[in-house]
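Full structure from sequences and hints, please.
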Amino acid sequence: MRRLLDSELELFVESDFIYLPLLLDPSIEKETQSLFQSGSPGKNTAQPESKTIIKHNTRHFVKTIKVHSLLDSYKAINAHHYNRLRDDCLRKYRLTQGADGIFVDETLKKILFLILPHFVRNNKNLRRRKLAEEEVLDFIAERIDIPQKYHEDALAFLDLEPLHEILRGLEDRKPVLKPPGEGLQPASKLRAWFHEAIQAKVLADERYRVKKALQVRQQLSREKPEHIAIFLYIADMGSIEIDGFGFSRMKFPKEYLIYKRTGEYVLRDYYGRSYLFPDCRVAVSTYTPSRPFVVEKYKHPFLRGYQANQEICMKAIEVANEPTASNIIRILEEGITALLYGYDARRRNGYHSLDKTFVYIPTIAFEEYRI
Amino acid sequence: MDLLNDIKQKRARQRQKQPIKRDAFNQVSWIVRHHGLDENFLKILDRAANDLFEDDYKPARVRMKARMRSPLFSLATHEEYSYTMSIISKVDNPYLKHANSPEEILLCRHLYQLNPAVPEERLMRFHFETLVLHERSKVNADELDGKVLDP
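Quick mapping for you: the protein sequence lines, in order, are chains A and B. Just so you know, we're using the numbering used here here: the first sequence kicks off at 1 and counts up by one. Just so you know, we're using the numbering used here here: the second sequence kicks off at 1001 and counts up by one.
Just so you know, these hints were derived from the structure itself, not from any lab. Every residue gets a Cβ at the ideal spot worked out from N, C-alpha and C, and that includes glycine. Heads up, a few of these hints could be off.
[To be verified] Computed cross-link-like contacts, DSSO-like style, restricted to lysine-lysine with a CA-CA straight-line distance of at most 30 Å:
#1 Lys30/A with Lys1065/B
#2 Lys1097/B with Lys30/A
#3 Lys55/A with Lys1090/B
#4 Lys201/A with Lys130/A
[To be verified] Over the 12 Å line for every Cβ pair with chain B, so calculated as not near, a few chain A residues:
#5 Leu5
#6 Leu22
#7 Thr58
#8 Arg59
#9 Gly101
#10 Arg168
#11 Arg209
#12 Gly246
#13 Arg268
In structure tokens:
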């Protein structure tokens, strides 16, 4: 059906039905002629108001599908295209799940207002006193170059009038959209009507979301547009990083991977030789904040192999398995401390030794890090 | 007993698969759509009947028919249908269902005039141009024979 709407055909609309140009071969033509000669061109007993075949300026059109059936069932007929139209519509009114959901995402707030200030506090702009939420957002706005698009989106986001209008229309039970014009028309015209009708249907189906979005935005009406832009940026990009501290959204909703970069650091082996280790990200997930791990493909005496996402070998941390801000801060700090200061050259603790020994079978070598 | 056998044989015959025969409408309709033929082609077709073959074709290589995959059933739009039916009514001979291209449609009527009994295998195998040349050479040979015999 989509191909027909995208075509350059001329369609006929009558009694809420789409009529397509009748394709012919000699037997169909004969049948059509006999129908018109008998004077009842395919009257349908179930729907006597509509004919099966109609004639318009020597051309014949055959009844195919009811416009409103197509509209109602389009989600099942072509789920992919329906979802695209739906997303376009929701994006137009900034009603996407991420855009509104992010303002009520408690985990994100925890990261932004409690964990981030802890790790970037050494900066001269951030003193040791506890910062207000507004100050943190101002700081982020200073440090991250938010594209202009998000500032424009933020202004549109705070404009509540379009949503008020939609809601008023839905509550007054006005018809969602007037029916398509009857008669001969190009497929492009019917397609344009159809897309509008789908959007109107989406908004009607999403009445709850529109209401909720309106509530959220009313609460945000006093916020600065720059701050809204930060949230919209995070909702879209899923991650930010400031001074080696950052987070990125995981596949699960409202779950994040929080990390801190170690920077380059030096460890010494039994003979006092130095090894320069490259920067890596020590991370913890808010989904299961039990142990810290290294995101990159990395090797270290406290990592079992040379691969990505390895847990750091360290003593058990006595924290509750809850993603509270203090737990996450502690786990990250313990992980970084273990990598930077945990290795004891004399005891050669961990999975591997920096210098070669004859007791163990060496699996990971660190020679290339030696300076 | 005879009646029973008769019924059984009849039913067996009915169950037999009937091969789909070539149909002039399907073939021409497909050529019309595939080559985008329109009124201009109909004009050429009119002209072809009168003067296209006045000049002799020069002897050429034997042309085999190009292999085409025309559909078994063809449905045409209003315009295509009217062009198809016009071509069928203008040409109106049994060779048309073997035409594979507009060129062959043009040659179809002339070929039929030259020899209305070309075997079907040849029509399916050779391009109509080759068949026309062949038939014309036969006619020329007959004429020459007549001239030689006359005096």
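Against the structure, the hints come out as follows:
| no. | hint | verdict |
| --- | --- | --- |
| 1 | Lys30/A with Lys1065/B | violated (33 Å) |
| 2 | Lys1097/B with Lys30/A | holds (21 Å) |
| 3 | Lys55/A with Lys1090/B | holds (27 Å) |
| 4 | Lys201/A with Lys130/A | violated (48 Å) |
| 5 | Leu5 | holds (18 Å) |
| 6 | Leu22 | violated (8 Å) |
| 7 | Thr58 | violated (8 Å) |
| 8 | Arg59 | violated (5 Å) |
| 9 | Gly101 | holds (50 Å) |
| 10 | Arg168 | holds (46 Å) |
| 11 | Arg209 | holds (45 Å) |
| 12 | Gly246 | holds (59 Å) |
| 13 | Arg268 | holds (77 Å) |
Figure legend: structure checked against the earlier numbered hints; hints not met, in rising order: 1, 4, 6, 7 and 8.
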